[in-house]
Structures are given as structure tokens and as C-alpha cells.
Amino acid sequence: MFYFKSKLVLLFFLTGSAFKLSGQSARLKQQHAYHHLVHLTLLELSGYASINYEGILLHHRGLQLAARLGLGSYQLKDFSGNINPNLIVPLMVYQRFGRQLKIETGIGMALTADVLFDTKKMKAVRSIHQTPCASLGLVYQPEYSQLFFRLAYTPMLVQNNHIRHYGGLALGYFLK
Amino acid sequence: MKNITLCLVLLYGCSRTDIHPINLNGNRIDIIGHGGMGIFSLYPMNSAESILMAVSSGADGVEMDCELLADGKFVVFHDEILSELTWYSGKIYDMNSSSISQVLYKDPPLGNYHLVLLEDMLQALHPSDPLVTLDLKTFSPDTSDAYVSNYCVRLIHLLKKYPFSKVNIESKNEKFIRKFNQADSALRLFWSGSADHAFDVAARHHLYGITYNFQDCEQEWIDQAHARGLRVALWNTQSKKDNLNAIEMNPDFIQTDRLRTLQNLLR
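These protein sequences, in sequence, are chains A and B. The opening position of the first sequence corresponds to residue 17 in our numbering, with each subsequent residue numbered one higher. The opening position of the second sequence corresponds to residue 6 in our numbering, with each subsequent residue numbered one higher.
Mixed in with the good hints, there may be bad ones.
[Stated by the list, open to error] Lysine to aspartate or glutamate pairs mimicking EDC-like chemistry, simulated, CA-CA at most 16 Å apart:
#1 B/Lys171 <-> B/Glu89
#2 A/Lys136 <-> B/Glu124
#3 B/Lys184 <-> B/Asp221
#4 B/Lys111 <-> A/Asp130
#5 B/Lys111 <-> B/Asp76
#6 A/Lys137 <-> B/Glu85
#7 B/Lys246 <-> B/Asp228
#8 B/Lys96 <-> B/Asp76
#9 B/Lys180 <-> B/Asp221
[To be verified] If you want a taste of the chain A side facing chain B, the calculated C-beta under 7 Å gives, among others:
#10 Tyr69
#11 Asn98
#12 Pro101
#13 Tyr169
No lab work stands behind these hints, which were simulated from the structure alone. We treat Cβ as the ideally placed atom computed from N, Cα and C, and that holds for glycine.
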């Protein structure tokens, strides 16, 4: 697992530093004005869907660094029929580079709070798990627009060091 | 106004299905959740959550697949190979009960549902006393009399520890059927193997019933089974249409993957 994580971190920073965009365009200046992003994500690290907030931490010459916090779920009721949702919290850090069309890489984890049946206590209990994941995506931000589209491949590191291949898409809106 | 009322009555009447089964189960069809909530549920089939959800949603019973582990305990699991449904590899009958609770199902993504021992499942179900159907999985290459006896003795012991009003035991292995019948002739044993040999096997071992795959089953088989005093369980109904067609065949039990749909039709 450490091997996987260390390679991910290395890839994250190498791909970021490989790009240099010279000069400041009007489009980039316009994008730099936005520091917050809210988006709805389907599948990916969300269960069925999640609502997410990203804080844009850094803008620099077409390079963008962002941190994501979200909340998603698969179901609102547990197996007993009680309202007791399982919760999925994606926590990710992204870097994006480009102008209208950006390449995005990310690392982080999905925290899940599942309602499971505990066979020792013979009742429903909430259990917290964390699943490390990465992201490789394409982001599209139309010219002079606050809209945000992302299509991402999100491999997850699961039990016994297996990689689960997954993905999803997001639709969002930048805010100042 | 009268015309509107008449239309409403006709519409309501046409949308309801009047069902009056004729079978050996007191003319009622028991609704059995296939592996719990079935293959379309978010919960993995045969997981504790799926099985308990089926019971809490009002099913008459649940069907569970069970296999004997290396240390003599039973696990609720469908496959022989672990890697199809879980992140582990190897054969299920080589596992021990101590490691079973660590094995996670692959689906759903980000889910953390794990395998469960049959004993734990029976203990959890015991208070609500549903109809329990056990589909015996006998993947082990060991087919010796000693193994079969061990399997039989341990399962019967478990069922005596957690007694239920109604327990159906299904198997497609005649050796196991024979052994269970010898151990306890009061058991409700079902043949779930080849339909070609079903009546012969049933006659040899005085079985309680036969389990047929709904997708292959013919009405004539059910009629002949009932004529011989054999109950019929149908499995593999995956849609409203399947459930409706299965109901019309007058089985005694339907193991369905669309539990709520079947409940709406029958109730």
C-alpha cells in the first residue's frame, strides 16, 4: 500500500511540474478570480451521487490547486427500514493545468460510514472505513464561464491491495 | 358521473391481479427473498444486510446458500471461487471461520459488506422465525461418506440449536439428500438438481418438494409434482412479468429477485 501511495504522490507532482504555461491571458485572469467551486458528482467517489465543495488554493499560470470535500450516499434507509443513511465523504486534492480544457490529477481518500450488521452485537452499527484513491480527469471550463465539467477515472485501492477501476462525472459552478 | 364511476371501477379492476393459487401450501404462495433481497439489490446477495432487509420488508422467508468451511462451520456464500464476488482468492471451502468476517464483497463500490457465518445468520433471524431455505453448496472435491456425514450432522446440529418453524433444505447432490433423509426424515428436503431426474429422486427419498428454475419450468412439471404430493419452489424470477407468470403456475414458493414486486402482486 505504501508503494502504491508513494508512486501516486510522485506522479502527482511530476505531472504538475512538467507543464509550464507562459504569459497571462485574459481567460486565465478571469479564471483566477474564482476561489470556490461547488459541484454535483455522479458515481466516482460518491456512491450514486455527491455534493461537493472545492476550495481553489492556488492559481498560477494555468496551474490550479484545489482541495475537495463532499458528501454522498447510496441509500437513506438501513436494512431494518430505519432512516439511517450510509455516508460517503470524498477528500481529495487536485491539480489542474490548462486553459479551457484542463488535465487534472488528484489523490486522496473516500471516508465511508456504513450501517452494517454486527454479528457480535447482533444489531446495526455504523462503521467507518477509508479507501485511498486517485483521480485522472479532463476538466472543461468554457471560456468566460463559471461552469465546470469533469470526466474522471478514479482507481481505488481496496482490500488485499487490489485496484478497483472506477470513474464518474461532475457538473459544477465556480464562485468568487 | 355514472360513466366516470364505471370507467374508474373498470380501470381499477383491470389493474389488479386477482390471484387464487391452488397448490399444496394451503393455497398460498410463500414469498422467499433470493439470497435476501435478490441480485438487483444494493446489498450483496447472501450478505447479512440483504437477508435481514428481506425479512424486515415482510417476506415470508429467505433463501441462503451455505457451504461447509474447513473448520466445520458454515458460511453463507454462493460461489466456489472467492475472487468472483470478493477481493480474496481461493476456494470457499478452504477458508476458516476466523477469517470469513474479513472478506469483503466487491460490490457496491466503496461498500464494506462482508461474508457472514450461517450460525450468526440463524441467530439473527431466530426471533422473527421466517421460513428459512438453505441451498446446500457442496463444492468440496471431498465426496467421501465421512465428509457427507460430517456436513449433515453439523448442519442438523445448527438447526436444532436455532429451531425455526419451517426450514426447507435444497440440494442437487443425491448423496447429501440421502444422508439428510437418513438423519432426520422430518426434514423438508427439496431436489434442486436436474429436472429430468426430479421425480425419480423425489420418489426414492420421499422428498418434500422440488425446486425448479422458473426460466426453464413448464406448467406440466408443477402439475405432476403436485399430483405426486410434492411441493414446488420456483426460483429466478427477475421482473414483474416473471413474477406474474410464476404466480399463474401455482407453485408453493417463489424465490424472487424482485421481492417488493412480488409482494405487491400477492398482497
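Identify every previously stated hint that the structure contradicts and give their numbers, smallest first.
1, 3, 5, 6, 7, 9, 10, 11, 12 and 13
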